[in-house]
Every structure is written in structure tokens, then in C-alpha cells.
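To convert, count from 1 in the sequence shown and add 291; that's my numbering.
It is possible that some hints are incorrect.
Label-pair ranges, simulated between beta-carbon atoms [as the list claims (entries may be wrong)]:
(1) 519 with 334: 44 to 50 Å
(2) 306 with 490: 33 to 39 Å
(3) 345 with 551: 46 to 52 Å
(4) 300 with 474: 42 to 48 Å
(5) 533 with 415: 24 to 30 Å
In the EDC-like style, the derived pairs of lysine to aspartate or glutamate whose C-alpha atoms are separated by at most 20 Å in a straight line are [what the hints assert, rightly or not]:
(6) 467 with 455
(7) 467 with 448
(8) 464 with 559
(9) 464 with 482
(10) 464 with 355
(11) 467 with 453
(12) 467 with 451
(13) 467 with 559
For the record, the hints were derived by calculation from the structure and aren't laboratory data.
For each residue, glycine too, the CB sits at the ideal point set by N, CA and C.
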Amino acid sequence: MELSAATENFVEYLARVRRLSPATVRAYRSDLADLRTAVGDGELRSVGLEELRDWLWRASQRGDARSTIARRTAAARTFFAWALEEGIVDHDPTLRLVTPKKPQNLPAVATADGVREMLDALRVRAAEGDASALRDHAILELLYGAAIRVSELCGLDVADIDRERATMRVLGKGSKERVVPFGAPALAALDAYLVRSRPALQARAESTGPALFLGTRGARIGSRTVYSIVARELGPVLGERTVGPHALRHSAATHLIDGGADLRAVQELLGHASLGTTQIYTHVSSERLTAVYRTAHPRA
Numbered sequence: 292m293e294l295s296a297a298t299e300n301f302v303e304y305l306a307r308v309r310r311l312s313p314a315t316v317r318a319y320r321s322d323l324a325d326l327r328t329a330v331g332d333g334e335l336r337s338v339g340l341e342e343l344r345d346w347l348w349r350a351s352q353r354g355d356a357r358s359t360i361a362r363r364t365a366a367a368r369t370f371f372a373w374a375l376e377e378g379i380v381d382h383d384p385t386l387r388l389v390t391p392k393k394p395q396n397l398p399a400v401a402t403a404d405g406v407r408e409m410l411d412a413l414r415v416r417a418a419e420g421d422a423s424a425l426r427d428h429a430i431l432e433l434l435y436g437a438a439i440r441v442s443e444l445c446g447l448d449v450a451d452i453d454r455e456r457a458t459m460r461v462l463g464k465g466s467k468e469r470v471v472p473f474g475a476p477a478l479a480a481l482d483a484y485l486v487r488s489r490p491a492l493q494a495r496a497e498s499t500g501p502a503l504f505l506g507t508r509g510a511r512i513g514s515r516t517v518y519s520i521v522a523r524e525l526g527p528v529l530g531e532r533t534v535g536p537h538a539l540r541h542s543a544a545t546h547l548i549d550g551g552a553d554l555r556a557v558q559e560l561l562g563h564a565s566l567g568t569t570q571i572y573t574h575v576s577s578e579r580l581t582a583v584y585r586t587a588h589p590r591a
């Protein structure tokens with residue numbers, strides 16, 4: 292089977308059988324397209340260890356990040372393991388393929404005071420009644436207050452919110468559903484949005500829908516719009532121009548651990564499959580502690 296045909300069968304398997312998110316499936320398709328560009332669209336059986344090593348070496352030579360190369364290595368491993376199981380190849384050349392170590396970049400984390408000042412300023416602007424300001428305030432309160440992913444926020448419907456319990460039902464990675472609590476400030480901002488903003492935004496659409504957060508034309512809000520909102524509001528707090536919604540999730544998780552939250556509880560709140568993914572926030576907290584110690588302790 293040719294590489295292009297095998298790739299199409301593989302991504303269909305990822306979407307229908309493993310039920311991975313569309314973004315993850317696109318990432319696999321992109322990585323395998325890069326492999327096809329490097330080795331050509333010949334028989335998959337003809338792709339061996341040397342071809343794969345040469346593919347990754349070229350990526351390194353053109354300056355691709357180690358994290359990108361590591362992701363492509365992982366994609367190739369999953370692809371060839373599937374191809375071996377399907378009988379498309381008779382051996383897996385990725386078994387001896389070395390994965391480059393990813394640099395451990397600690398996530399950008401805002402201080403609790405910085406986030407509070409940002410949200411307070413948004414609340415004041417929202418009080419003037421502008422529909423977009425009310426929506427943006429509710430979005431940032433939920434991203435921080437519930438520590439959810441941007442995809443989870445954009446996928447929320449009005450029916451997913453339980454106001455009595457102050458919880459929401461979100462659909463996470465791998466189509467896994469979980470219930471997430473949020474606080475009183477987020478509930479107040481959400482109520483204001485639902486009463487004073489969402490009807491005005493909804494009136495701009497040709498047809499009504501169940502989406503909780505709407506864009507300026509009344510359709511379900513997209514992740515790109517949320518990114519721009521976060522960059523505009525949180526960027527000055529962190530001193531970064533390219534900050535995204537995940538920075539609020541990182542900040543919320545770190546503040547929870549700083550406040551004494553159990554690591555397992557934080558894992559469940561964030562929807563992490565592995566506790567190891569959650570443990571990065573303990574490293575962030577440790578770095579903060581070290582910085583404070585070096586600044587304040589007379590024997591530091």
C-alpha cells in the first residue's frame with residue numbers, strides 16, 4: 292500500500308475508532324504529510340529506519356524545534372504500529388528510532404494579584420453594558436475559575452451549565468466528559484452575560500443555536516477569537532504578546548496547588564489522563580518558592 296493511502300486509512304482509524312479530536316487527527320495527518328514529502332509516495336513497506344532517521348535529520352537541519360521532531364517521531368511510531376497490526380508492513384522500523392528529548396519549558400503563570408486586577412478591570416468595563424465586554428468578562432472568569440481548555444469553553448452549550456450547583460459539563464480530550472465546578476465571580480459574570488449580552492449577540496444570527504458563547508455575528512465563538520481576547524487582556528499582565536488561553540489554565544492550576552489543593556483533585560479538575568502531566572505545576576510552584584527564598588532569606 293502506498294504511503295498516502297495508508298495515511299488516509301490511518302487518520303480515519305484515529306477519528307472513528309480511537310475517537311481523537313479533529314485537531315489531533317489534523318496534527319497526525321500533517322506529520323505524515325511531512326514524512327511523505329521527505330521519502331516520496333512509494334510503498335509503505337519500503338520506508339525503513341534509515342529513511343526515518345534521514346527525515347528527522349532534515350527536520351533538525353532546517354531548524355524545527357525539538358518538541359516538533361519529538362511529536363513527529365511519536366506520530367511515526369503510532370502509524371507504523373497500526374500498519375504492522377493491519378498487516379500493511381511486516382516489521383516496525385520505528386522500534387529503533389530514538390526520540391529526541393523535549394525541552395521542559397515551564398508554562399507562563401500570572402500571579403494571583405495580576406489575574407485579580409485584570410478581572411476586576413474587565414468587570415468595571417462590563418458594568419457599562421457593552422455586549423462584547425460582558426461576554427469577554429464571562430469567558431475569562433470561566434477560563435480561570437474552572438481551569439478549562441479553550442476547546443472545552445468554545446464547545447459549551449447553555450444546557451451544560453448548572454447554575455444551582457455552579458458546575459459545568461465539558462467535553463475534554465478523547466471525547467471524555469467531566470463535570471467542573473466554578474466560583475461565585477464566574478457565576479455572576481455568566482449571569483450578566485446571559486441576561487444582558489447573549490440575547491443581543493444572538494439577535495445578529497439568522498438562526499438560534501445552543502452555543503453558550505457567541506461571536507459578534509451570533510454564531511458559536513471560535514478559539515481564534517478567544518485567543519485574541521486573552522492576548523489583549525492577559526498579555527500586559529505577563530508582559531507577553533503571544534499569550535493564549537492555556538496561560539489562564541496554567542495559572543489556575545498553579546494557584547490551586549499553591550493554596551494546598553491535592554494533586555489528584557487538580558488532575559481530575561483539569562481532565563489530565565496522567566498524574567505526571569499535572570505534576571508540572573508542582574515544579575512551577577517550586578520555582579516560585581526558590582525565587583522568594585533567594586530574594587528574602589538572609590543566608591540565601
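Outcome of the hint check:
1. Distance hint check: the CB atoms of residue 519 and residue 334 are about 45 Å apart, consistent with the given range 44 to 50 Å.
2. A hinted range of 33 to 39 Å for the beta carbons of residue 306 and residue 490 is consistent with their spacing of about 36 Å.
3. Evaluation of the 46 to 52 Å hint for residue 345 and residue 551 yields a pass: the beta carbon distance comes to about 51 Å.
4. The hinted range of 42 to 48 Å is satisfied by residue 300 and residue 474, whose Cβ atoms lie roughly 46 Å apart.
5. Judged by the Cβ atoms, the range 24 to 30 Å given for residue 533 and residue 415 holds: they are separated by roughly 26 Å.
6. The straight-line distance between the Cα atoms of residue 467 and residue 455 is roughly 23 Å, outside the 20 Å bound, and the hint therefore fails.
7. Our distance criterion of 20 Å between C-alpha atoms is met by residue 467 and residue 448, whose separation comes to about 16 Å.
8. Between residue 464 and residue 559 the CA atoms are separated by roughly 13 Å; this keeps the pair inside 20 Å, and the hint holds.
9. Restraint check for residue 464 and residue 482: not satisfied, since their Cα atoms lie roughly 27 Å apart, outside the 20 Å limit.
10. Between residue 464 and residue 355 the CA atoms are separated by roughly 26 Å; this puts the pair beyond 20 Å, and the hint is violated.
11. About 19 Å separates the Cα atoms of residue 467 and residue 453, which keeps this hinted pair within 20 Å; it holds.
12. A hinted pair counts as satisfied when its Cα atoms are at most 20 Å apart, and residue 467 with residue 451 qualifies at roughly 14 Å.
13. For the suggested pair residue 467 and residue 559, the alpha carbons sit about 12 Å apart, so the restraint of at most 20 Å is met.
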